[in-house]
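**Student:** Here is what each chain is made of, one letter per residue.
2 protein chains.
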Amino acid sequence: MNTIILEAIQDFYPDDVSHCYGCGKLNDKGYQLKSYAVGEDTLARFTPSKHHTAIPGFVYGGLLASLIDCHGTGTAAIAAYKNEGRDFASDPPLRFVTASMKIDYLKPTPLGPELLINGKVKEIKGRKVVSEITISADGVVTVRGEVVAVQMPESMTK
Amino acid sequence: MNTIILEAIQDFYPDDVSHCYGCGKLNDKGYQLKSYAVGEDTLARFTPSKHHTAIPGFVYGGLLASLIDCHGTGTAAIAAYKNEGRDFASDPPLRFVTASMKIDYLKPTPLGPELLINGKVKEIKGRKVVSEITISADGVVTVRGEVVAVQMPESMTK
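Top to bottom, those sequences are chains U and C.
Each residue of the first sequence is one higher than the last, beginning at 0 in numbering that gives the first Met the number 0.
Each residue of the second sequence is one higher than the last, beginning at 0 in numbering that gives the first Met the number 0.
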């Protein structure tokens, strides 16, 4: 049997920056989103809980924004390592924060099915990475976001 | 002693659309954000919990996006009632959903102080309301958002 093992970028974030509510592996109250490199693109998956509702039957837009936010910074980190020809475990660590994002709620996102969060890098320029993130449910894209992520300033980790 | 009593728009949402994770009065696991009309503008307040962290010491961007999202729809509803010269308790209820939003994280938002979320209506056109929402901590604006909200289609509540 042939298998491919993918490693999530968040599992390589240093412990002192691994408490993010959206994707920190050390935040046991958070979403613990994991972003994987899949070919040229990136992928994450998330199944909302029943209480993540907007109006009954649909996913809360703030959660969808959170998924786009975290997968956008994860996608940026993946792209930055690849761009430097480095593996995720190499030093120094590259960690990104969101500078801005634009989100279009194309249609209501049904609450129930697992959501797929896909990322495509649009631009890498210096410390900035721009990516397009889409969320789909049952094969239908319901949300599209653009995330401008920047490499975390040293001042935020001191 | 003179006092002013403000009523939150979310307390007037019908029960069947009051389960939003961000601002539904009936979602006991959610944030239960409340949006008030204050003069021409709107105001909400929120104190993040310790686990709502991005990196240590700062508020998670996905939560900030959630606050902007919900206060944007609350601001839209307040504006729509005012625009029609109606009070919040009058029928039919006016309930909005977010069509799109743009968020600029101007600087890191410190985790600890109460956040003030201010709303200003920029445009009302038919079923659409555009508002500018800012978040401030300790008197400093850290996040600025623009929310395009549309009156909820009937199809979402059936």
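Just so you know, the hints here were simulated from the structure itself, not pulled from any lab data.
Any given hint might turn out to be false.
A pair holds if it fits inside one copy or across any two, identical chains being indistinguishable in the list.
Heads up, simulated DSSO-like pairs for lysine-lysine below, C-alpha to C-alpha not over 30 Å straight-line [unchecked claim]:
id, residue 1, residue 2
1, K28, K124
2, K106, K119
3, K106, K81
4, K49, K121
5, K81, K49
6, K124, K49
7, K49, K127
**Student:** Does each hint hold? Answer for all of them.
**Tutor:** Quick rundown of the hints versus the structure:
Within a single copy, K28 and K124 get their C-alpha atoms no closer than 34 Å, and across copies no closer than 40 Å, so neither meets the 30 Å cut-off. Both within a single protomer and between protomers do K106 and K119 lie at most 30 Å apart by alpha-carbon distance, with minima of 21 Å and 26 Å respectively. In this homomeric assembly, K106 and K81 come within 30 Å of each other (Cα to Cα) only across copies, at 28 Å, whereas the closest approach inside a single copy is 33 Å. When the C-alpha separation of K49 and K121 is checked against a cutoff of 30 Å, the pair qualifies neither within a copy, at 34 Å, nor between copies, at 34 Å.
Taking the closest pair of Cα atoms, K81 and K49 never come within 30 Å of each other, the shortest separation being 37 Å inside a single copy and 34 Å across copies. For the homomeric pair K124 and K49, neither the shortest alpha-carbon distance inside one copy (40 Å) nor that between copies (34 Å) is at most 30 Å. With identical chains, the CA atoms of K49 and K127 are at most 30 Å apart between copies only, with a shortest distance of 29 Å across copies and 36 Å within one.
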